[in-house]
Amino acid sequence: KQEVTQIPAALSVPEGENLVLNCSFTDSAIYNLQWFRQDPGKGLTSLLLIQSSQREQTSGRLNASLDKSSGRSTLYIAASQPGDSATYLCAVRPNDYKLSFGAGTTVTVRA
Amino acid sequence: GAGVSQSPSNKVTEKGKDVELRCDPISGHTALYWYRQSLGQGLEFLIYFQGNSAPDKSGLPSDRFSAERTGGSVSTLTIQRTQQEDSAVYLCASSRSGGPSSTDTQYFGPGTRLTVL
Numbered sequence: 001k002q003e004v005t006q007i008p009a010a011l012s013v014p015e016g017e018n019l020v021l022n023c024s025f026t027d028s029a030i031y032n033l034q035w036f037r038q039d040p041g042k043g044l045t046s047l048l049l050i051q052s053s054q055r056e057q058t059s060g061r062l063n064a065s066l067d068k069s070s071g072r073s074t075l076y077i078a079a080s081q082p083g084d085s086a087t088y089l090c091a092v093r094p095n096d097y098k099l100s101f102g103a104g105t106t107v108t109v110r111a
Numbered sequence: 001g002a003g004v005s006q007s008p009s010n011k012v013t014e015k016g017k018d019v020e021l022r023c024d025p026i027s028g029h030t031a032l033y034w035y036r037q038s039l040g041q042g043l044e045f046l047i048y049f050q051g052n053s054a055p056d057k058s059g060l061p062s063d064r065f066s067a068e069r070t071g072g073s074v075s076t077l078t079i080q081r082t083q084q085e086d087s088a089v090y091l092c093a094s095s096r097s098g099g100p101s102s103t104d105t106q107y108f109g110p111g112t113r114l115t116v117l
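Protein chains in written order, with this note's numbering: chain A, 1 to 111; chain B, 1 to 117.
Source of the hints: derived by calculation from the structure; they are not laboratory data.
These figures come from a predicted structure and were not determined experimentally.
It is possible that some hints are incorrect.
Computed list of lysine-lysine pairs in DSS-like fashion (alpha-carbon distance at most 27 Å, straight line) [unchecked claim]:
id	chain 1	residue 1	chain 2	residue 2
1	A	K42	B	K57
2	A	K1	A	K68
3	B	K57	B	K11
4	A	K1	B	K15
5	A	K42	B	K15
6	A	K42	B	K11
7	B	K17	B	K57
8	A	K1	B	K11
9	B	K15	B	K57
Cβ pair distances, simulated, as ranges [as the list claims (entries may be wrong)]:
id	chain 1	residue 1	chain 2	residue 2	range
10	A	D27	B	Q41	17 to 23 Å
11	B	G72	A	S28	42 to 48 Å
12	B	V74	A	G16	41 to 47 Å
13	A	Q81	B	G59	34 to 40 Å
14	B	L117	A	S69	31 to 37 Å
We treat Cβ as the ideally placed atom computed from N, Cα and C, and that holds for glycine.
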């Protein structure tokens with residue numbers, strides 16, 4: 001069974017600092033890995049999707065890397081802003097359609 | 001519509017009552033998924049639809065849970081004889097296609113927060 005772990009569980013940084021969020025998974029047979037953002041009381045917003053054949057994806061201040069062989073992904077958020085405060089979820093899609101989620105990292109960016 | 005919508009946004013019910021949760025996927029998306037997010041449990045998969053068929057119901061926690069999809073569009077998740085442990089946020093997602101070979105992004109709705117008293 002695929003298990004997804006996110007470290008740390010919570011993170012608090014001053015505005016302007018770079019954020020590094022880690023995700024690890026136990027089974028490297030995945031189709032893709034997706035990073036989501038969840039705001040309190042809201043659904044999930046997809047941030048980046050990395051296909052299994054890719055090493056990284058970038059969107060604006062966000063960059064996600066994938067090392068499938070070691071079962072790791074890292075989400076980097078450059079120059080954090082208070083609006084980046086949210087819970088960030090990592091999800092892997094094994095060779096079926098179900099997403100397996102980590103428990104998330106709750107980020108607070110202090111102004 | 002522009003995104004996945006779910007209704008109601010909040011539902012408070014008494015133990016033992018039945019509830020129905022609705023999901024409207026993005027127009028044209030053939031695949032639809034239900035997930036549950038419980039406090040301290042994270043997100044867990046419940047059921048997957050491809051069109052109106054549900055090839056995988058393995059995540060439904062008990063036979064009190066059922067779901068259907070009609071017209072390849074709207075889906076309803078029904079929970080009978082609700083229990084307090086059913087309290088959670090129920091999230092629906094859709095993707096353009098589904099199945100093992102699909103790599104399409106799953107787009108999530110805002111969820112329905114269910115509270116069973």
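- prompt: Can you name, in rising order, the numbers of the hints this structure does not satisfy?
  reply: 4, 8, 11 and 14
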